[in-house]
Amino acid sequence: MSKPVRISNEREIVDKILQGDKKSFSLIIKATENLVAQILFKMVRNEDDRKDLAQDVYLKVYNNLNGFKFESKLSTWIAQIAYNSCINYLGKKKPESISDKFNDYDDDEQIISDVNVGNESSYYQVEKKIQGDELKQILEKEIDKLSPVYKTLITLFHNEEMSYEEIAAITQLPEGTIKNYLFRARRILKNSLLKKYNSGDL
Amino acid sequence: MKSNHLTDQEIQEFLFGQSTVDKDINSHIESCEECKIKIVNYKTIAGSIKSINSPSFDFDLSGMVMEKVIAEKPRVKLSMHLIISFLLGVISFAVITVCANYVVVETNFLEYITKDVDSFAIIILSVSLIIGMIYTIEILYRHKKMINMINAK
Ligand SMILES: [Zn+2]
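Heads up: the protein sequence lines correspond to chains L and P, in order.
Under my numbering, the first sequence is numbered contiguously, ending at residue 202.
Under my numbering, the second sequence is numbered contiguously, ending at residue 153.
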């Protein structure tokens with residue numbers, strides 16, 4: 001993984017680019033591409049489409065740079081463009097199942113019901129025994145099963161350690177909705193793990 | 001102290017809420033093994049998610065984008081558009097005035113243009129007309145591109 005470049009003065013760089021110093025734009029790309037990758041990898045499965053989208057995102061950023069008003073961090077604004085591009089991509093790809101983006105867990109209750117998953121303490125015991133890496137792998141698989149938006153929210157909150165406010169700026173979802181989706185996503189993860197441990201799958 | 005066990009919602013709020021937690025909830029957690037286990041479970045999951053490696057692009061994104069960016073034409077600033085539009089307005093006015101004069105005078109056009117309008121004005125007029133046409137085509141093309149971009153969004 002390439003090391004993210006830090007931009008110390010966003011305003012300076014943006015001004016430079018707007019005045020015609022195109023090369024400085026590569027600094028912006030390098031400073032934000034990891035965050036864009038996080039979003040694109042969670043939202044879009046197809047590798048080729050991801051490649052196209054990533055380029056589109058930055059061309060949009062470049063072409064709309066004079067519209068950036070420094071009301072948020074530059075990375076937040078770019079992440080918002082990336083997220084929007086993905087939402088549009090998903091909408092185009094499967095218009096009939098647009099709601100999938102938000103909720104492919106209509107059978108939530110089946111997975112979520114705490115009665116189904118057994119005793120949490122036994123999970124705790126097992127958890128203590130198994131290796132951290134194994135848990136990580138299982139969790140990665142379980143996260144992958146979540147809907148694109150749930151996945152993205154989990155990543156932004158837990159990996160990128162963003163605040164609800166920042167996530168709201170990126171996704172344009174109300175903070176209450178974000179909290180609710182995150183709550184459901186975590187509960188799905190916890191309960192599916194619990195189910196696995198208690199059913200002896202592991 | 002809160003006597004009932006915490007709900008999933010309360011536990012998540014306690015761990016990830018980004019706000020201060022109710023005193024009752026705090027004291028319940030301190031004294032209840034069952035809720036502690038639930039907290040450990042969520043904590044373990046959160047910690048584990050955090051340790052998952054971040055994905056990165058396996059191609060030179062910066063290089064690919066920069067190639068396209070460098071190839072793009074420099075963007076004309078809005079003030080530049082305004083100045084050019086103003087000049088075009090003035091020129092159009094001049095053209096209309098000259099033509100109107102001609103219509104009113106109703107002589108042979110060639111005769112009129114050579115006699116009454118000096119050659120300097122003719123050169124200015126024709127150059128301006130050519131610039132105006134190129135500029136209009138450029139604006140239309142740019143507009144079309146912009147519309148395409150908006151549609152692609
Ligand atoms: Zn309790």
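Among the clues, some could well be false.
[What the hints assert, rightly or not] One side of the interface only, derived from the structure: several residues of chain P facing chain L at Cβ under 7 Å:
hint: 1; residue: Q12
hint: 2; residue: L15
hint: 3; residue: S19
hint: 4; residue: K23
hint: 5; residue: N26
hint: 6; residue: S54
hint: 7; residue: F57
hint: 8; residue: M64
hint: 9; residue: V65
hint: 10; residue: A71
hint: 11; residue: V95
hint: 12; residue: V98
hint: 13; residue: L140
Think of the hints as simulated: they come from the structure by calculation, not from any bench.
Predicted model, so just to flag it, every value in this text is computed and none were measured.
A virtual CB, placed ideally from N, CA and C, is assigned to each residue, including glycine.
Handout entry: List of violated hint numbers, smallest to largest
Key = 2, 3, 4, 5, 10, 11, 12 and 13
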